[in-house]
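In order, the protein sequence lines correspond to chains A and B.
With this note's numbering applied, the first sequence has no gaps in its numbers, which climb one by one up to 293 at the end.
With this note's numbering applied, the second sequence has no gaps in its numbers, which climb one by one up to 450 at the end.
Since the hints were derived computationally from the structure, they do not count as laboratory data.
Hints may be right or wrong, so weigh each one.
As the list claims (entries may be wrong) - Chain A stretches covered by chain B per the calculated footprint, using a threshold of three residues with CB under 8 angstroms from any CB of chain B:
1. 32 to 39
2. 93 to 105
Stated by the list, open to error - Listed next, the stretches of chain B that the computed footprint assigns to chain A, with coverage defined by at least 3 CB atoms under 8 angstroms from CB atoms of chain A:
3. 353 to 359
4. 368 to 376
Beta carbons are placed, not taken as given, at the ideal position from N, Cα and C, and that holds for glycine.
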Amino acid sequence: MRDFVYERPQTMAQALTLLTAGDAKVLAGGTDLIAQMREGRRSAGCLVDVKGIGELTRISMLPEGGVAIGAAASAAAVSRSAIAANYPAVAQSARLIGGVQVQNRASLGGNICNGAPSADGVPALVCHAAEARIAGSAGTRQVPLEEIFVGPGKIAIEASELLVSIVLPPPPARSAVAYLRFTPRREMDIAIAGAGTYIRLDQRGVIAEARVALASVAPTPMRAPLAEQRLVGERPTLALLEEVGRRAAHEARPISDTRGSADYRRSLVAVLTMRALGDCCGQLGIDVEATSK
Amino acid sequence: MKTLITCTVNGEERTALADTRDTLLELLRDRLGLTGAKEGCGNGNCGTCTVLVDGAAVCSCLMLAQEAPGHAIVTIEGLAKGGALHPIQQAIVEIGGTQCGFCTPGIVLSAKALLDANGLPTDAEIRHAIAGNLCRCTGYGKIVEAIHSAAATLGGR
Numbered sequence: 001m002r003d004f005v006y007e008r009p010q011t012m013a014q015a016l017t018l019l020t021a022g023d024a025k026v027l028a029g030g031t032d033l034i035a036q037m038r039e040g041r042r043s044a045g046c047l048v049d050v051k052g053i054g055e056l057t058r059i060s061m062l063p064e065g066g067v068a069i070g071a072a073a074s075a076a077a078v079s080r081s082a083i084a085a086n087y088p089a090v091a092q093s094a095r096l097i098g099g100v101q102v103q104n105r106a107s108l109g110g111n112i113c114n115g116a117p118s119a120d121g122v123p124a125l126v127c128h129a130a131e132a133r134i135a136g137s138a139g140t141r142q143v144p145l146e147e148i149f150v151g152p153g154k155i156a157i158e159a160s161e162l163l164v165s166i167v168l169p170p171p172p173a174r175s176a177v178a179y180l181r182f183t184p185r186r187e188m189d190i191a192i193a194g195a196g197t198y199i200r201l202d203q204r205g206v207i208a209e210a211r212v213a214l215a216s217v218a219p220t221p222m223r224a225p226l227a228e229q230r231l232v233g234e235r236p237t238l239a240l241l242e243e244v245g246r247r248a249a250h251e252a253r254p255i256s257d258t259r260g261s262a263d264y265r266r267s268l269v270a271v272l273t274m275r276a277l278g279d280c281c282g283q284l285g286i287d288v289e290a291t292s293k
Numbered sequence: 294m295k296t297l298i299t300c301t302v303n304g305e306e307r308t309a310l311a312d313t314r315d316t317l318l319e320l321l322r323d324r325l326g327l328t329g330a331k332e333g334c335g336n337g338n339c340g341t342c343t344v345l346v347d348g349a350a351v352c353s354c355l356m357l358a359q360e361a362p363g364h365a366i367v368t369i370e371g372l373a374k375g376g377a378l379h380p381i382q383q384a385i386v387e388i389g390g391t392q393c394g395f396c397t398p399g400i401v402l403s404a405k406a407l408l409d410a411n412g413l414p415t416d417a418e419i420r421h422a423i424a425g426n427l428c429r430c431t432g433y434g435k436i437v438e439a440i441h442s443a444a445a446t447l448g449g450r
C-alpha cells in the first residue's frame with residue numbers, strides 16, 4: 001500500500017481544501033476503503049477522515065419537518081436513532097449492511113458513494129424521495145439521491161466534493177415505505193435482488209403516489225416507472241400487487257453472475273416488489289390478502 | 294512514515310510508534326504485542342479481529358491505527374480480572390463453545406458488546422450479534438448456549 005497522510009479536519013471548509021488539493025479520498029467508516037486500499041484496488045496520497053465534522057455525523061430533525069442524516073453517521077447510529085419512528089424502512093435497511101462490527105463503522109454515505117448496485121441502504125432512501133446534499137468549493141448543491149448513480153462504482157460526485165448529508169422530506173400522511181431483499185444466507189450477504197416500495201393513499205384509499213426502487217438488478221439502483229404508474233389511481237388488491245411485481249420484473253435489467261442468473265433475479269423482483277407493497281399496505285392497515293377472496 | 298499513536302487499551306494509556314498505514318489490528322498485534330485479536334480475512338467478513346471501541350464491536354482490520362486516539366479499546370486480553378476469566382470466557386470453556394479457538398476472542402467480544410447492552414438476549418439476538426463472527430469448527434449451537442449461560446451468570450442485567 002502506498003503511504004498516505006491521514007487528516008482529520010474539524011470543519012467542512014478544511015475538508016474541502018484537502019479534497020480540492022487532489023489525490024485525496026474521503027474516509028468515513030472505512031469498511032470498504034481500507035480493505036480496498038490494502039488489496040491495492042484503490043490508492044490515495046491523503047485520507048480525509050470526516051468523522052470529526054459535526055454536520056457529517058449528526059442525524060438532525062429539520063425545522064421544516066424531515067431529517068438530515070449526516071453522510072458519515074454509522075449504520076448503527078442510523079438504525080438506533082429516533083428516525084426509526086418516521087422512517088422505519090431506513091432504520092431496518094441500515095441493519096442489513098454487513099454484520100454488527102461493520103454496522104458500527106460503515107456509514108450510510110459510504111454505502112451510497114461506493115456506487116454499488118446492491119447497496120441495501122439506498123432503495124428505502126429513494127422511496128422516501130431522499131436528496132443528496134453535496135458540498136464543493138463553489139458551494140452546496142442538493143440533488144435527488146437517485147440521480148447521483150451513474151454505473152457500478154461510479155457516482156456523479158466529484159473527487160473534490162463531499163457528500164454532506166441525506167435529506168429526507170417528512171413522510172406524507174397515509175404513506176408507507178418497505179424494503180425487502182433476498183440473500184441465500186440470513187446475514188452477512190450481498191442481495192441477489194432487492195425491492196423498495198412507497199405508496200401514498202388519498203382520503204378514499206386510492207393510491208395517489210408510488211415509487212418502486214430496485215437493487216442489484218441493473219448497473220445502478222433503479223426506479224421502475226411503469227410499475228409505479230400502474231399503481232397510481234388504483235385501490236391496492238392482491239391481483240394489482242402481483243401485476244405490478246411482474247411489471248417491475250420486466251423493467252429490471254439484471255445480469256447473470258455467480259450470485260444468480262438474470263432470470264432468477266427477475267423472478268425475485270416480481271416477488272419482492274409484491275411483498276414490499278403488501279408490507280406497505282399492512283403498515284397502512286389494509287389486508288390485501290382479503291381482496292383476493 | 295512512522296507516527297506516534299496514543300490511545301487507551303484495556304484501561305491503560307498506551308503509546309506506540311506505528312506506521313501511518315497500520316490498521317488498528319496491526320497496532321495491537323505488532324506494536325503492542327496483544328495477539329488475541331487475529332487476522333482472518335482482512336476485509337471485514339470473518340470477525341476474528343473483533344475488538345471493542347468505546348464499547349462497540351468493530352473489525353480492527355478495517356480501522357486505521359491513526360483513528361484510535363481518543364477512543365477506549367478493549368481486546369480479549371482486557372477481559373480476565375485478577376486471573377479469573379470473564380463469565381463469557383468461563384461459559385465458553387465449560388460448555389465447549391470453542392475448538393481451534395481462532396474465532397473465540399472475537400466471539401467473546403461480540404458477546405460482551407451484546408450483553409452489555411442487552412442482559413437477557415433471545416436466541417435470535419445472539420445469532421444476530423455474532424453473525425459477523427465466522428466459526429468453521431463448531432457450528433454455533435454451543436457458542437449460543439454459552440452466551441445464554443453467561444447472561445444468566447451475569448444476572449440478566
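Outcome of the hint check:
{"no.": "1", "hint": "32 to 39", "result": "holds (count 4)"}
{"no.": "2", "hint": "93 to 105", "result": "holds (count 7)"}
{"no.": "3", "hint": "353 to 359", "result": "holds (count 5)"}
{"no.": "4", "hint": "368 to 376", "result": "violated (count 0)"}
In summary, the structure is inconsistent with hint 4 from the numbered list given earlier, while agreeing with all the others.
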